[in-house]
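S.K.: Sequence:
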Amino acid sequence: MVQLQILINGRKQLNKDKEENSMRLATTRSRPTIQQVMPTNASYYCLVDASWKSSKEPMGFGWSLYCKEGNQIIQGSSSLKPANLVVEAEAIVLLAAVTQMKRLNYKDFAFMSDLKSMIDELNQHLADRTIRMVCTTDAALVLQVLETSKNESHTFHNVSREFLTHVDLLAK
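With the UniProt record's numbering, letter number 107 in the sequence shown gets 107, and the count goes up by one each step, no holes.
Where hints are given, some of them may not hold.
[Stated by the list, open to error] The calculated lysine-lysine pairs, modelled on DSBU-like cross-linking and capped at a C-alpha distance of 30 Å, are: (1) Lys172 / Lys116; (2) Lys56 / Lys150; (3) Lys102 / Lys53; (4) Lys81 / Lys53; (5) Lys116 / Lys81; (6) Lys81 / Lys56.
[What the hints assert, rightly or not] What follows is a set of in silico ranges between Cβ atoms, one per label pair, in the way DEER data are often shown: (7) Lys107 / Ile34: 14 to 22 Å; (8) Thr165 / Ser78: 27 to 35 Å; (9) Lys53 / Asp128: 33 to 41 Å; (10) Asp128 / Lys56: 35 to 43 Å; (11) Gln35 / Ser55: 35 to 43 Å; (12) Asn71 / Ala139: 15 to 23 Å; (13) Ser55 / Ser153: 31 to 39 Å; (14) Thr33 / Ala140: 32 to 40 Å; (15) Lys81 / Thr33: 29 to 37 Å; (16) Ala139 / Gln100: 18 to 26 Å; (17) Gln72 / Asn41: 18 to 26 Å; (18) Ala127 / Lys107: 18 to 26 Å.
The hints are simulated quantities; they were obtained by calculation from the structure and are not laboratory data. Remember, predicted model here, so these are calculated numbers, not experimental data. Using N, Cα and C, we set each Cβ at its ideal position, and we do this for glycine too.
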């Protein structure tokens with residue numbers, strides 16, 4: 001009787017493990033790749049991220065440029081004076097990356113960040129839609145990013161944090 005119970009419990013655990021494994025595989029398969037997220041007309045993508053803890057500590061940032069096939073071309077990182085808000089830190093990083101790409105004369109970019117609110121603001125401006133109220137610092141930085149990337153074929157995209165592991169390490 002005890003052996004039968006052990007066998008039944010073992011079978012239940014095996015079925016549970018199989019179910020969890022197939023759920024994990026389904027989740028892994030459903031995640032888009034960077035190449036699926038970026039527009040087909042983009043030649044490059046640039047991942048950007050800020051490391052921000054508080055308004056009292058310096059912020060770090062990192063960016064990395066890749067060709068559409070996924071090969072890294074160049075990267076950069078730095079630290080700056082403390083930012084007041086995480087959105088300010090992320091906007092500063094994006095501005096630094098846009099400025100650097102312009103200096104290096106790269107074209108046809110897809111900039112990617114995990115800060116959805118900032119990406120939404122940029123895309124609303126690009127589409128000439130009404131912008132929701134934002135704090136003046138953030139709005140000024142968003143406008144500066146747009147001004148710097150004017151007459152360039154840049155696009156801005158929100159991506160999952162998991163895509164930013166490398167630039168997150170650069171930022172720290």
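S.K.: All hints, please: hold or fail.
M.R.: To see whether the hints hold, each was checked on the structure:
no. : hint                        : result
1   : Lys172 / Lys116             : holds (21 Å)
2   : Lys56 / Lys150              : violated (33 Å)
3   : Lys102 / Lys53              : holds (29 Å)
4   : Lys81 / Lys53               : holds (12 Å)
5   : Lys116 / Lys81              : holds (24 Å)
6   : Lys81 / Lys56               : holds (9 Å)
7   : Lys107 / Ile34: 14 to 22 Å  : holds (19 Å)
8   : Thr165 / Ser78: 27 to 35 Å  : violated (19 Å)
9   : Lys53 / Asp128: 33 to 41 Å  : holds (36 Å)
10  : Asp128 / Lys56: 35 to 43 Å  : holds (38 Å)
11  : Gln35 / Ser55: 35 to 43 Å   : holds (37 Å)
12  : Asn71 / Ala139: 15 to 23 Å  : violated (36 Å)
13  : Ser55 / Ser153: 31 to 39 Å  : holds (35 Å)
14  : Thr33 / Ala140: 32 to 40 Å  : holds (34 Å)
15  : Lys81 / Thr33: 29 to 37 Å   : holds (36 Å)
16  : Ala139 / Gln100: 18 to 26 Å : holds (23 Å)
17  : Gln72 / Asn41: 18 to 26 Å   : holds (21 Å)
18  : Ala127 / Lys107: 18 to 26 Å : holds (21 Å)
Checked against the numbered hints listed earlier, the structure breaks hints 2, 8, 12; every other hint is satisfied.
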